[in-house]
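Novice: Here are the chains, one letter per residue:
2 protein chains.
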Amino acid sequence: LSPHQSHLERYAELAIRIGLNLQPGQVLYIGSASTPVPVELAPFARLLVSKAYDAGARRVFVQFQDEQISRMTMERAAEEALAEFPLHLARMYEEAADNGAAFLVVYAPNPDLMQGVDPKRLTTAARASQKALVRFSGKLSNMDFNWALISAPTDGWAAKVYPGLPSGERTEALWRDILYTVRADNGDPVAAWQEHLDLLRERARYLNERRFRRLHYRAPGTDLSLELADAHLWLGGENDTPGGITFVPNLPTEEVFSVPRRDGVNGTVRATMPLNYNGRLIEDIELRFEGGRIVDYKASSGYETLKGLIETDDGSHYLGEVALVPVDSPIARLNRLFYNTLFDENAACHLAIGRAYPPCLEGGTAMSKEELLRHGLNDSITHVDFMIGSADLEIDGETANGERVPVFRAGKWAF
Amino acid sequence: LSPHQSHLERYAELAIRIGLNLQPGQVLYIGSASTPVPVELAPFARLLVSKAYDAGARRVFVQFQDEQISRMTMERAAEEALAEFPLHLARMYEEAADNGAAFLVVYAPNPDLMQGVDPKRLTTAARASQKALVRFSGKLSNMDFNWALISAPTDGWAAKVYPGLPSGERTEALWRDILYTVRADNGDPVAAWQEHLDLLRERARYLNERRFRRLHYRAPGTDLSLELADAHLWLGGENDTPGGITFVPNLPTEEVFSVPRRDGVNGTVRATMPLNYNGRLIEDIELRFEGGRIVDYKASSGYETLKGLIETDDGSHYLGEVALVPVDSPIARLNRLFYNTLFDENAACHLAIGRAYPPCLEGGTAMSKEELLRHGLNDSITHVDFMIGSADLEIDGETANGERVPVFRAGKWAF
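The listed protein sequences derive, respectively, from chains W and E.
Counting in my numbering, the first sequence runs from 997 upward without gaps.
Counting in my numbering, the second sequence runs from 997 upward without gaps.
By construction, these hints were calculated from the structure, which means they are not laboratory data.
For clarity, every value in this text was computed on a predicted model and none was experimentally measured.
It is possible that part of the hints are untrue.
Chain copies aren't distinguished; within one or between two, either way the pair holds.
Cross-link-like lysine to any residue pairs, in silico, SDA-like; alpha carbons within 20 Å at most [claimed, not checked]:
#1 K1116 to R1054
#2 K1116 to M1068
#3 K1127 to I1306
#4 K1135 to R1123
#5 K1127 to H1084
#6 K1408 to L1193
#7 K1294 to F1057
#8 K1294 to A1073
#9 K1408 to D1184
#10 K1135 to E1300
#11 K1303 to H1084
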């Protein structure tokens, strides 16, 4: 694998024990229907499988893909074929979720994979996948089962993050970053995680007590007012399934997040990082909102891809998540662009276009789509984060009586 | 990949054009539900995908697996979980077959993969897979769609075939063998295949004209009388789908084959090669038949695996195929044990336990299971070849009037 065998083992164990909190007798799927594990990560997948059986997994299924083959498909398959997603595969994942399985995704896309491929074809394929998996994604957003998103370096991704290093050293450098961000490189990762989760819980508790009605964002290119749903909840780090399994859906995670009101976002916002979406990079995103809806958008490159994302469905014209991450978070301190949302979103405040997380509303996980909408929560077949944090960002919280309280100053927590 | 890039490309092209005869607009699945492509063969899979799109594939799906993970599953999953096969996966392949897809399997099992794993657990998993895929396998046996079985070396398999070579040279040596056996290493592989297929067609035509009632096998440890089904057909090389696609289901292929009568096999037979089945090796197989049924069996090693195979179902106590291959076939002349049925079966006369191929009976592909049985054809959820050819083998054909005609002498065609 790489020199850090013992760190890798710790990381795999963290993914299974802290991330998933895999229960004895649970079936585990590694790789999802839309995000299989890249074949070059098979050695790391073996470690995960081994740790899962150590934890008492009933059976582990691993779905692999080859990125170059995925690219050939996007380039060369018949256009109509891209509009079809294998429904049996979607049903397999749904049924597994219904039957109590856990799901682990190793998210490691190559940011340049689809360079030169017609964005319309990519959008066609992405929509087909999102539509086929809408029920599965809904259960995932609802935290109906324990799942986790982790990562591991591929050569293609490492080349993008470390273009200046000799090719033989890039993957190891990226491994080092990943192991640092998931706290697998120090003496007692489990204790480090407990401490970290306590801190996130504390931040969320404070924000929940303040019950802000609105957040006001100010930064170069950004002047945004974002109304929070009335019964909103701030979450951070851990989630619970209805059955009572406490899990940490993202490793790493530095964010405290909640739900905007679908119709309560106004003003402009400028992204502070490029966005790797659907195998393409979108740079210098700027969005303008009126009554919650994106009424205008720009990008210096990847405009067609951004357009494809925003025009996915009606809900992709609205926000579904608001997340706070200070610029002095461990990942942010690396001061490195990872071109991977799992890392970049944990280095900066962000917003998400698309589906809201029902657990971010009191009683939300038990509500129908219609009830959630009545409470102001957005729905969509997609959910895509984009980063807006920087050292220039200031955020005020507006309380019910109109008082404005500093939440972020110079990109960091103000309390 | 290896030094022979141009030969590999020819091989991939042969697999798509001669093996599958992939039609423009056809969907192609590479790797089956029970035999996905080993992840280490991803570079070769990319070549196949590329050649498939060159031939006009509508879309190509590739199913991968990691052998070490498969082994962990067989060792460590819950026993009850091994008895379950993901039915949605089976339905996905069935539906694709119903909708006119083609299927390419890259068959490259590591013969020692499951060494030390409880054969009962392997048998449980194999039966679950065979049961789930019985309809798909039936369509495949019936040649309802175009499919092909090819191969490529993995490190584990190459180590078994070439234990005496330095580890860095084994895979290349096995590639060389494979490219030789599939005629991809000479000037005009397509012309070489046309000539070879003509020869197999000629052998089959001769045997079909003779209309032998029985074959008599004599060799050390073998004294077997095998009755052929009344309306039997000898086939070799090519097959046709009902829709008229002519394809070559095995690359390499050297055999001319037909169907025994299920109840017409009597005597004893000794295998001349070890059999790699289900990740284990079975050595020195001896079988005794009465009225077609295996009434006694032995093996010097792998007895439990052989028992698991023969006790799969009722049909696995009977033969489903009889195949003739001379000891001077190109593969046999390599004088090497490949521990891979695709190669070993094309180096030696063999028989198959289990399901018969309906195309080996006049009108068979249009018959129901009951009609096929009435015509003497065996049915089972399994079909496994075992090799009985050697330079000592003599085979006589017995005509309708009782005349005995030499078919094989000293392991070679006698006409």
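Novice: 20 Å Cα cut-off: does K1294 pair with F1057 within a copy, between copies, both or neither?
Specialist: Classified as neither: same-chain Cα gap 41 Å, cross-chain 35 Å, threshold 20 Å.
Novice: Can you tell me if K1135 and E1300 fall within 20 Å by alpha carbon in one copy, between copies, both or neither?
Specialist: The answer is neither: 30 Å in one copy and 44 Å across copies each exceed 20 Å.
Novice: Tell me, please, which holds for K1408 and L1193 at an alpha-carbon limit of 20 Å: within, between, both or neither?
Specialist: The answer is within: 18 Å in one copy meets 20 Å, while 74 Å across copies does not.
Novice: Go through the copies and call it for K1135 and R1123: within, between, both or neither, with a Cα cutoff of 20 Å.
Specialist: within (18 Å within a copy, 33 Å between copies)
Novice: For K1294 and A1073, with the copy left unspecified, which applies at a CA distance of at most 20 Å: within, between, both, or neither?
Specialist: Neither, since 30 Å and 51 Å both go past 20 Å.
Novice: Is it within, between, both or neither when you check K1116 against R1054 at 20 Å Cα-Cα?
Specialist: Close across copies (18 Å), not inside one copy (41 Å); limit 20 Å.
Novice: Cα distance capped at 20 Å. Does K1303 pair with H1084 within a copy, between copies, both, or neither?
Specialist: Classified as neither: same-chain Cα gap 30 Å, cross-chain 34 Å, threshold 20 Å.
Novice: Within a copy, between copies, both or neither: where do K1408 and D1184 come within 20 Å Cα-Cα?
Specialist: Neither: 27 Å inside a chain and 69 Å across chains, both beyond 20 Å.
Novice: Check K1116 against M1068 for me: Cα-Cα at most 20 Å, and say if that holds within a copy, between copies, both or neither.
Specialist: Result: close within a single copy only, 15 Å intra versus 41 Å inter.
Novice: Check K1127 against I1306 for me: Cα-Cα at most 20 Å, and say if that holds within a copy, between copies, both or neither.
Specialist: within (15 Å within a copy, 45 Å between copies)
Novice: At most 20 Å between CA atoms: does that hold for K1127 and H1084 within a copy, between copies, both, or neither?
Specialist: both (13 Å within a copy, 18 Å between copies)
The structure is inconsistent with the numbered hints 7, 8, 9, 10 and 11, although it conforms to all the rest.
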